[in-house]
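Top line first, the protein sequences correspond to chains A and B.
At position 189 of the first sequence the residue is numbered 189 (my numbering), and the sequence of numbers has no breaks.
At position 15 of the second sequence the residue is numbered 15 (my numbering), and the sequence of numbers has no breaks.
Possibly wrong hints are sitting among the right ones.
No more than 30 Å apart at the CA atoms, straight line, and that leaves these computed lysine-lysine pairs for DSSO-like [what the hints assert, rightly or not]: (1) B:Lys130 <-> A:Lys14; (2) A:Lys123 <-> A:Lys291; (3) A:Lys254 <-> B:Lys53.
Which chain A residues stay away from chain B? Per the calculated CB distances, all over 10 Å, these [said to hold, decoys possible]: (4) Pro37; (5) Glu68; (6) Ser79; (7) Arg83; (8) Ala145; (9) Asp148; (10) Phe257; (11) Asn323; (12) Met333.
Counterexamples of contact, computed for chain A against chain B with all Cβ distances above 10 Å [stated by the list, open to error]: (13) Val24; (14) Leu138; (15) Gly169; (16) Gln249.
It should be emphasised that the hints constitute simulated quantities derived from the structure, not laboratory data.
Using N, Cα and C, we set each Cβ at its ideal position, and we do this for glycine too.
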Amino acid sequence: MDTQIRHPMLVRGKHDELSRQQFVHNLRLCLAADVMPGNRTVYEKRVKPAFRKKNKRDPKNRHEVRREMTKDPYYRLFSASQRASQEMMWDSVTDSVERELPELKKRARGNPHKTKGTLRIPKNFKVPAYHTAADIHLQPGGYHATPDGKDSIAAGALYDRSVFLYAIGGMGNMNDDLGKTVIGYYRENFPGESPARILDMGCSVGHSTLAWAQAYPDAEVHGLDCGEGMVRYAHARARNLGITAHFSQQNAEKTDFPDEHFDVVVSHIMLHETSSTAINSIIRETHRILKPGGVMMHLDLMRDQGMNPYDSFMMDWEAYNNNETFLVRLRDMDWKKIAVDAGFKPNKCKVDGSMLNISKEMIKAGQEPHYTATFPILVGRK
Amino acid sequence: MARAKKAKAKAKRKAVAKPAKKNAAAKKATPKKKAGKAKKTAAKSAPMPRAAKGKRPQYFEDPAVDKLHLMVMALIEELSVTRDRLDTVERLIEKHGLFQVQEIEDFFPDLQADAERTGRRIAYIRRVMKGITDELENLHGEDPALEFDEVVDVISS
Numbered sequence: 001m002d003t004q005i006r007h008p009m010l011v012r013g014k015h016d017e018l019s020r021q022q023f024v025h026n027l028r029l030c031l032a033a034d035v036m037p038g039n040r041t042v043y044e045k046r047v048k049p050a051f052r053k054k055n056k057r058d059p060k061n062r063h064e065v066r067r068e069m070t071k072d073p074y075y076r077l078f079s080a081s082q083r084a085s086q087e088m089m090w091d092s093v094t095d096s097v098e099r100e101l102p103e104l105k106k107r108a109r110g111n112p113h114k115t116k117g118t119l120r121i122p123k124n125f126k127v128p129a130y131h132t133a134a135d136i137h138l139q140p141g142g143y144h145a146t147p148d149g150k151d152s153i154a155a156g157a158l159y160d161r162s163v164f165l166y167a168i169g170g171m172g173n174m175n176d177d178l179g180k181t182v183i184g185y186y187r188e189n190f191p192g193e194s195p196a197r198i199l200d201m202g203c204s205v206g207h208s209t210l211a212w213a214q215a216y217p218d219a220e221v222h223g224l225d226c227g228e229g230m231v232r233y234a235h236a237r238a239r240n241l242g243i244t245a246h247f248s249q250q251n252a253e254k255t256d257f258p259d260e261h262f263d264v265v266v267s268h269i270m271l272h273e274t275s276s277t278a279i280n281s282i283i284r285e286t287h288r289i290l291k292p293g294g295v296m297m298h299l300d301l302m303r304d305q306g307m308n309p310y311d312s313f314m315m316d317w318e319a320y321n322n323n324e325t326f327l328v329r330l331r332d333m334d335w336k337k338i339a340v341d342a343g344f345k346p347n348k349c350k351v352d353g354s355m356l357n358i359s360k361e362m363i364k365a366g367q368e369p370h371y372t373a374t375f376p377i378l379v380g381r382k
Numbered sequence: 001m002a003r004a005k006k007a008k009a010k011a012k013r014k015a016v017a018k019p020a021k022k023n024a025a026a027k028k029a030t031p032k033k034k035a036g037k038a039k040k041t042a043a044k045s046a047p048m049p050r051a052a053k054g055k056r057p058q059y060f061e062d063p064a065v066d067k068l069h070l071m072v073m074a075l076i077e078e079l080s081v082t083r084d085r086l087d088t089v090e091r092l093i094e095k096h097g098l099f100q101v102q103e104i105e106d107f108f109p110d111l112q113a114d115a116e117r118t119g120r121r122i123a124y125i126r127r128v129m130k131g132i133t134d135e136l137e138n139l140h141g142e143d144p145a146l147e148f149d150e151v152v153d154v155i156s157s
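Isolated chain B (complex conformation) (with noise of 0.2 Å):
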């Protein structure tokens, strides 16, 4: 979602940045006169490159895979990236004196806590689970799946 947003920012931008000031922009800044007071320019950033040239080395056989791959580092680095953001919400919290922060290591979810809780995971676990297992839904059921070009010929007809 966050990648979204920054698109969206992102596109935004492309269309706030016309040419025509940003060659004024620059055109203000060559030449080297008393820097003291800059002129407040548009202080618009600008899209900067965000792929290197340059042919990108596959390293698995099945270049859906290399995808994959750099799909779970991105993951496990917002993984990381939460981690801290929630490690700064507890520091703050603390430090604004709201609550000790060890009472989140002691904390003892209730019984009706605890089962929220409990659904809430198992949910999270089956939604990722959900790829492996899909196929075994078609296994179990009671008429054999069709192949696509069978539907094709289901829905022709």
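Bound-form chain A, shown alone (with noise of 0.2 Å):
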């Protein structure tokens, strides 16, 4: 069995739910391992000289390599089977909380470590376009499914257990392992702060959001995502994990969080699920709520530039297969400018990058990382 700490709000799954989504798991896994890494060969083997011979040259860009690269045989298979285990993915999940879902609201009423976590749900709330124009990496329904009404937990209960699948449990036993990566990203670039009051931006069921709250355990940290499902999971899974945490449904394009509020305004892989318009109201906003002298640390997926076009293509993956279209245009985009033009002086802010916390957690160890690769974090202080 995999690894996913079995908390009282995870769902559990009958003997072949489980069993399918062990198959999920391990089919990523050797997709992973054995099938992707072919591309590569097959794009240096057989895609690049072919495109060589014809044009003279070598592919410019990854949108060059990606016109070729989709008509390959192999690079097709691959990309035919990774989709449909991400779709399986959600249907292995699917039919457990489908079925256990009253028992788990029953759960998520309880207050067993009497924390002092709170949930603000708005009356009139209004889910952002690029929400719903398609469900985000094909979870069916998306943030906003409420299959049985208005107070669903459904849309978090599923996905709390389908990222561990996803990440294939390295996002760690407690998908937390993105937060830990910008806590020791703070750690170690702002030391000897004692935050007194975090956000975490999109912050889905609250996986990062409580690593903060458990990092700075005297810190006020709040949580917010335009999913209603998602916070109100997010409560009871802090909740029944005995973790204080605040989260209210919000979209981070304009929260109701007073001027100068916040020491540290965090998002992990957010803001490629935005838009073009709602990226710069984001740090905008970011800008506003932060105390001067705060920190604001926006954790998202590699850009374009500085990679070369086959690795850049093979990023572009989930955009193009799994519904996370705006990384497309996240990657070329000039986040500094960005940050400038929403308030924060040049010489203050900054695209830096950090390797995951469990890639560094393994090198210590003296063991070998599995995935080496440095995130990007748009990086400011006001």
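Once you've looked at the hints, go ahead and assemble the two chains, each given alone in its own frame, into the complex.
Structure (structure tokens):
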């Protein structure tokens, strides 16, 4: 069985459902370890030479690589299988969530550890169009499925288990490694700070939010997300884990927090699920709610700049095949300019980066990490 | 078959979940009164969405291949699930002392059992390979196979 922590809010699943989930988990592992690397071989040995022969030069950018690779039978079969694994993943967990939802909802109402965590759901929340145009990463119903009524936690319950399978456990047994990665970055680069108030934007079910709450137990830690079912579940999950955090359904573009309210505002792979307009509003909002001297850290996926065309093309896979569409645009944007336009002083903001915490830990322990890529972080100090 | 069963169950569930009841349940839960003993709400689960919104990319020239690929993936998955289930059965058998699973490894069919197995296995393989070999039957036949329109002509006369 996989190593995800079986906390009280996590969907349990019956024998065959768990078996399907394990299958998807292992299938994704095989696709990542055995099949995906073959794309590079196919590119180097077959696709690039053919392109060179025809054009007397190498492909210039990821889009040219894409045009050629999507015609290649190996890449096609890889992509079709990878896509299928994603669809099968949601389906395998949906079976369990669908059946257990009434029980999970009952558990969600309890507060066994008597934490002081709060939940705020506004009356007339408008879900932004970039969340409804397509279901992001193919989660049926997106972050907004409410099959069982208005107080549904279905989307969160589905997400919590599925995201673990998605990452093949690479985000740790609490799915919180991105949170830990940004915390590590913060401690390294802003040593000695003790933030009193922290906000995690696009917190989903609070995976990273709780990492912050655990790292700074004296701080007031908030998480916001557009998905009602996500924050309802996040609240229930935190309470059942005995960790205090405050969740609210809000759009990061325009929150209800007062000016200069937070010492730290972060997000963990949220930006690529927004839009060209929204990202500017989000960074402006970050600036508004940060205290003077407060720190912004938005971690996302690798930009095109500085990558070779093939690697950059592969980085786009989720955009074209997994409904993470804005990633294509975000990867070309000048993040620092966005921060400067939002009010951060040019000498007080930059695009920095960090290796995943889990990889760093492995290196420290003398092991070879599975993944050594550096994730970019848009950092700014107000 | 499992899928058909599931679809049936889903349809049943759909029929059971009356909208009026659902609203009442939602209303009951919204005001955050003391959670303590939540009144027994209708413990019927609602059907969740199964398809993600957004156009699905077409990976192969023929869209039928995309479908076929999905079917193969689902079959691979279900075979894996069945093997897991068999593994569970074996482990429970051993746990309850019915027999040692090693007996399965050491099992050697007698002539009768072997013949029955072989027969079943060959029939199974033929069933799977039928799609490939079907057209040969027409080629070998005394009369060449008629095209659809030709058959229409025959039956129309």
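Checklist line | Asn323 (chain A) and chain B, when compared Cβ to Cβ, separated by more than 10 Å | finding: Per Cβ check, Asn323 (chain A) is inside 10 Å of chain B; nearest 5 Å; violated.
Margin query: If I take the minimum Cβ distance from Leu138 (chain A) to any residue of chain B, is it greater than 10 Å?
Written below: violated (4 Å)
Next item on the list: Run the C-beta distances from Phe257 (chain A) to all of chain B and say if the shortest one exceeds 10 Å.
Entry: Phe257 (chain A) is indeed farther than 10 Å from all Cβ atoms of chain B, at 22 Å.
Check: Going by Cβ atoms, does Ala145 (chain A) stay more than 10 Å from chain B at every point?
Finding: violated (5 Å)
Next item on the list: Decide if the proposed pair is consistent with the structure: Lys130 (chain B) and Lys14 (chain A), CA atoms, cutoff 30 Å inclusive.
Entry: With a Cα-Cα distance of about 36 Å, the restraint between Lys130 (chain B) and Lys14 (chain A) is violated, given a limit of 30 Å.
Checklist line | chain B versus Glu68 (chain A) - minimum CB to CB distance exceeding 10 Å, so not interface | finding: holds (15 Å)
Notebook entry, point to check: Can we trust that Val24 (chain A) is non-interface, i.e. its beta-carbon lies farther than 10 Å from all of chain B?
Noted result: Since the minimum Cβ distance to chain B is about 8 Å, Val24 (chain A) lies within 10 Å and the statement is violated.
Item checked: Restraint status (C-alpha distance of Lys254 (chain A) to Lys53 (chain B) at most 30 Å) -> holds (26 Å)
Note to self: According to the definition I'm using, a residue is off the interface if its beta carbon is farther than 10 Å from all beta carbons of the partner; does Gly169 (chain A) meet that for chain B?
What the structure shows: At roughly 18 Å from the nearest Cβ of chain B, Gly169 (chain A) sits farther out than 10 Å, so the non-interface label holds.
Next item on the list: Verify that the Cβ of Arg83 (chain A) lies farther than 10 Å from every Cβ atom of chain B, and report whether the claim holds or is violated.
Entry: violated (7 Å)
Margin query: Lys123 (chain A) and Lys291 (chain A) were given as a pair; does the straight-line alpha-carbon distance stay at or below 30 Å?
Written below: Holds, at roughly 28 Å.
Next item on the list: Just double-check Ser79 (chain A) for me: nearest Cβ-Cβ distance to chain B has to come out over 10 Å.
Entry: With a cut-off of 10 Å, Ser79 (chain A) comes too close to chain B, as the shortest Cβ separation is near 6 Å.
The earlier numbered hints that this structure contradicts are 1, 6, 7, 8, 9, 11, 13, 14.
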